[in-house]
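> One letter stands for each residue in the lines below.
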Amino acid sequence: MQAQINQVTNDVIVTESLGKSVLSSEGLLHILSSIDLIIKSGESIAIVGESGSGKSTLISLLAGLDTPSSGAIYLNGKSITLMDEDGRATLRNELIGFVFQSFQLLPGLTALENVMLPLELRGDKTAKTAATALLHRVGLAQRLSHTPKQLSGGEQQRVALARAFVTRPAILFADEPTGNLDSKTGATIIELLFELNQEHQTTLILVTHDHALAARCQRILQLEAGRLV
Amino acid sequence: MSRFTLALRLLWRDSRSGELTLLILALLIAVSSSTAIALFSDRLQRTMSHQAAELLGADLVIASPEVIAPQWLEQAKQLNLTTARTAEFPSVLIEHDELLLASIKAISDTYPLRGFLKTRDGDAGTETIAYHGPEPGTAWLDKRILSALKLKLGDILTVGEKPLLVTKVITYEPDKKGDFFSFSPRVMINDLDLSATGVIQPGSQVHYYFQFIGADSALVTYKNWLKPQLNPSQRVMDSQDNRPELSSALNRAERYLGLSSILVILIAGVAIAMASTRYTERHFNATALLRCLGLKQREILWLYSSQFMVLGLIASALGSGLGYGAQVGLFYILRELLPQPIAMPSLGSLFFGFIIGMVVLLGFALPPLLRLKQVSALRVLRRELEPRQPAVWLVYGLALSLISVLIWKYTHDLKMTASILGVGFITLMVLGLLMMGLLTLMHKRLEGMSLLWRLALQGLLRNHRASISQILAFSITLVAMLLSFNVRNDIITDWQQQLPKDAPNHFALNIFPNQVQDFKAELKQLHITGSEFYPVVKGRLTAINDQTVQKRASKDSQGDNAIHRDLSLTSAADLPNENKLQAGEWWLNSPPGLVSVEQKLAESLTIKVGDSLTFTVASQQFHATVANIRSLRWDTMKPNFYMVFSPGSLDAYPSTFITSFYLAESQKELLNTLVKKYPSTTILEVDLILQQFKTLLTQLTQAINFLLYFALMAGFMVLLAAVYATLDQRIYEGALMRTLGASRRLLRTAQFIEFSVLGLMSGVLAVVISEFMLLALYTQVLHISYHPRFYLWLLVPVTNAVLICVVGCWGVRQVLNKPPLQVLRAL
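Those protein sequences? They're chains Y and B, same order as listed.
Start counting the first sequence at 877; every next residue gets the next number (the working numbering).
Start counting the second sequence at 17; every next residue gets the next number (the working numbering).
None of these hints come from the bench; they were simulated from the model.
Note that the Cβ used here is the ideal one computed from N, Cα and C, for glycine as well.
Please note that a few of the clues may not be correct.
[As the list claims (entries may be wrong)] Cβ pair distances, simulated, as ranges:
{"#": "1", "chain 1": "B", "residue 1": "Leu462", "chain 2": "Y", "residue 2": "Gly1015", "range": "24 to 30 Å"}
{"#": "2", "chain 1": "B", "residue 1": "Met445", "chain 2": "Y", "residue 2": "Gln1077", "range": "34 to 40 Å"}
{"#": "3", "chain 1": "B", "residue 1": "Arg404", "chain 2": "Y", "residue 2": "Gly1055", "range": "29 to 35 Å"}
{"#": "4", "chain 1": "Y", "residue 1": "Gly928", "chain 2": "B", "residue 2": "His480", "range": "39 to 45 Å"}
{"#": "5", "chain 1": "Y", "residue 1": "Pro983", "chain 2": "B", "residue 2": "Trp809", "range": "34 to 40 Å"}
{"#": "6", "chain 1": "Y", "residue 1": "Gly1055", "chain 2": "B", "residue 2": "Leu810", "range": "28 to 34 Å"}
{"#": "7", "chain 1": "B", "residue 1": "Leu437", "chain 2": "Y", "residue 2": "Asp960", "range": "29 to 35 Å"}
{"#": "8", "chain 1": "B", "residue 1": "His480", "chain 2": "Y", "residue 2": "Lys1060", "range": "56 to 62 Å"}
{"#": "9", "chain 1": "Y", "residue 1": "Ala1017", "chain 2": "B", "residue 2": "Ala393", "range": "17 to 23 Å"}
{"#": "10", "chain 1": "B", "residue 1": "Asn479", "chain 2": "Y", "residue 2": "Asp960", "range": "43 to 49 Å"}
{"#": "11", "chain 1": "B", "residue 1": "Val326", "chain 2": "Y", "residue 2": "Ala1017", "range": "55 to 61 Å"}
{"#": "12", "chain 1": "Y", "residue 1": "Gly928", "chain 2": "B", "residue 2": "Glu315", "range": "36 to 42 Å"}
[As the list claims (entries may be wrong)] Chain B is faced by these chain Y residues, among others (derived, beta-carbon under 10 Å):
{"#": "13", "residue": "Gly953"}
{"#": "14", "residue": "Thr957"}
{"#": "15", "residue": "Ala965"}
{"#": "16", "residue": "Leu981"}
[To be verified] To list a few chain Y residues with every Cβ distance to chain B over 10 Å, as calculated:
{"#": "17", "residue": "Ser901"}
{"#": "18", "residue": "Gly903"}
{"#": "19", "residue": "Asp912"}
{"#": "20", "residue": "Glu926"}
{"#": "21", "residue": "Glu961"}
{"#": "22", "residue": "Asn969"}
{"#": "23", "residue": "Gln980"}
{"#": "24", "residue": "Leu982"}
{"#": "25", "residue": "Arg1019"}
{"#": "26", "residue": "Arg1039"}
{"#": "27", "residue": "Ala1090"}
{"#": "28", "residue": "Gln1098"}
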């Protein structure tokens, strides 16, 4: 029923009473509690909060990288809480793109191979053409056969951006995308991120400490001690 | 002390990490195999040397194919030496329609002069010690004979023509030889019954041992008096100069076992080096922090080396214990080949295993460990600062010296040590380069492959050196296993298969000249097809053109073997069937004094047509001129000879005749008739001889394989070490792939392909190398027919791939099981 509603209302992410707790030496630790969210297609959202407020946990739950302790999550109308790890992996490949603070490129692969990877996982025959085009778009036409070690931090993050957009994902999760870059390079990357987001009409969910960056998003979600405020 | 406590605490914290477990396991394998071999050879050598006199049965022994001159015994008596005599010969026993080839030993009343016999009064009886042999009219038997001939104590056993009462089971005799015939079960009888058996006639194959004990000075006098009078077929042995040697089979087994244990050490060493490298790399950050906190380089080295010392001590102690157990296993496998009782192991050899453990650890783990000393404190700020690699001479120098010393220990031969090292080094280099080429080719082809195959092969290509180490470790072990497996099987089966269907399968030896006509008639009457009858005279080749033969033969050559024993000399008017003339002419009505020499022996001793050969038969010398050189096939199962003389050449010497004949399975009972009628004739069943060789070969190869299992385990340690070395990277890549949507199935399949390819590559390499080695060995050394074993081409790579897959996939199981979030967060 919920799924149908989501389809109709164009809601891309819906959470109901989402909670995450872990067992620590001092007893049960609640990282997130009662998160109710509705994110619409094409929206850009910034999640802000202090260190330890639960930002990264929230996006890892939303992206299906982790499972909640309570509540439910719907991505494009499908409940991911009921899926197993492989089911969630398929969904990630179909719906989601990622940009991480520490780039997370495979060191043994070239820039081109890194970008091709998500398409190849889908079995897409046009992987090479699409990946090359996108690397041209992010300004790395001359760097296709370079491995991450041979690229600067900014260049690595461009590769990561190309990899995130190459599958034309419905949702893009960006976790502190400029955290490991100097401010000038960081600004360029953010420009590129928003441009690509615009071009691809992707739902953007951005975790950041940077309030100026957050202000560029349509909506800001503030987390404090695991609750939305 | 506090530093040591810190070292222990760090060790305890690290003890759960994979590389330390692996280090301990690899060390355990190296120590237990080398301890087992050290204990094995030590006990064997001590058994031989400490019990030399007992194994000789006396202080001085004359071995002779005939009875010695009475004045020799008289001289011994004058010197107050006590004398005993034993006579040993093979004979076929028949009871209850069962046949058995036994080794008969007739002993004089004074036997044994040194040591004692052990006997039992039945299965349940306790072992008792006896200082004399059986009384006249009785026989003591090996337990095997009772069951084989369906006899029990108190029954009558007929040896030749003499019925004897079986009174005891003999379990130990001091002077049992390690030669082939001693594997035949023993019947011990009294010397006084010997002539009544009718087995010993002039020319019979008998080994006499005249044994002496007495004062040392008298023995020296006697030996000096005796030496100039010995003929070439007689030998004098004493416990000082002539320790009984291990039989050549055991001697080689000991050498192969030693070399196999070095293979184990080498492979385990590679695993230790790889595990230590990973351990070291994982401790760069912690070391930088400790340096930051004020620890000096020297202290850093002490902190880690003391941890490794503790590890080494624990693993070496455990390994020595395991090695002790393993050598018990080796003695069990080889029990029938070994003299009994075996000396107890010395503490020294247990300690040797222990020392080996520490030295192996030092040789393979120290070079990577030394890098920790170089870690800069600045690394706390700049993670990319890596200490420099250890010097190449240090990495390989330590390991190479260790291996060289060990090879020398087992071969006692500098030249052989150098050639094993040389050949080993070149082989490893060639194979290594070949593998490197193959991997590079694979790398170039990677681009056109599907994602799954790229993922799989990248696992192999990630670290070329580690992949090559794994492939070589497995293929070398498999080659050693394949060689021992194939040689054992092929020597026996190829020989059997090559025999024509009706090839003679029985030899009759010791047929006396006056029995020949009867024997021929008997065979004819029984419709048995036989080969020619040849006279046999035992004699020794002593000189070629008046030059002593020893100067002509290189060690261990065919010629060398032939001149150190009595040859069977024969004479014939016609060229024997299946012999082919290679040089010279066959004689036609030629006078005595010509000889035909077998081609290979002639080549080995550089004998040419026209040469004059000197032979010694029963103390007499005679000369013969080489008339021709002939080639022959030894596997025809017909009497074959190195030396064939022109008719009349050997008439002056006592001879017996030899023939061979074919008996179908249904005719076996005819043997009873023959053996009963000609008790002095020895009938050898080829099947039985083959069976005995098979047992011998099986036991030796089992012992060597026993060691190779250690090598295989060490190979798996290398595999796991290589897997662990890349585990962090694999886990990271796995997590990232899963984040991007790769299913577990995809990753699992990629792992499966990666390890299968590794297993297939090492398996195929092993099969190819072993086939080439077998081809060379069969055609150049063993002269048996070579044919590739296609089922092994499939079986070995596939089995190897399955085994490596199971272990490898187990090693990387965390890649699939660790939640991606946990991995990505940790970075």
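> Tell me, which hint numbers fail for this structure?
2, 6, 7, 8, 9, 10, 13, 14, 21, 22, 23, 24 and 26
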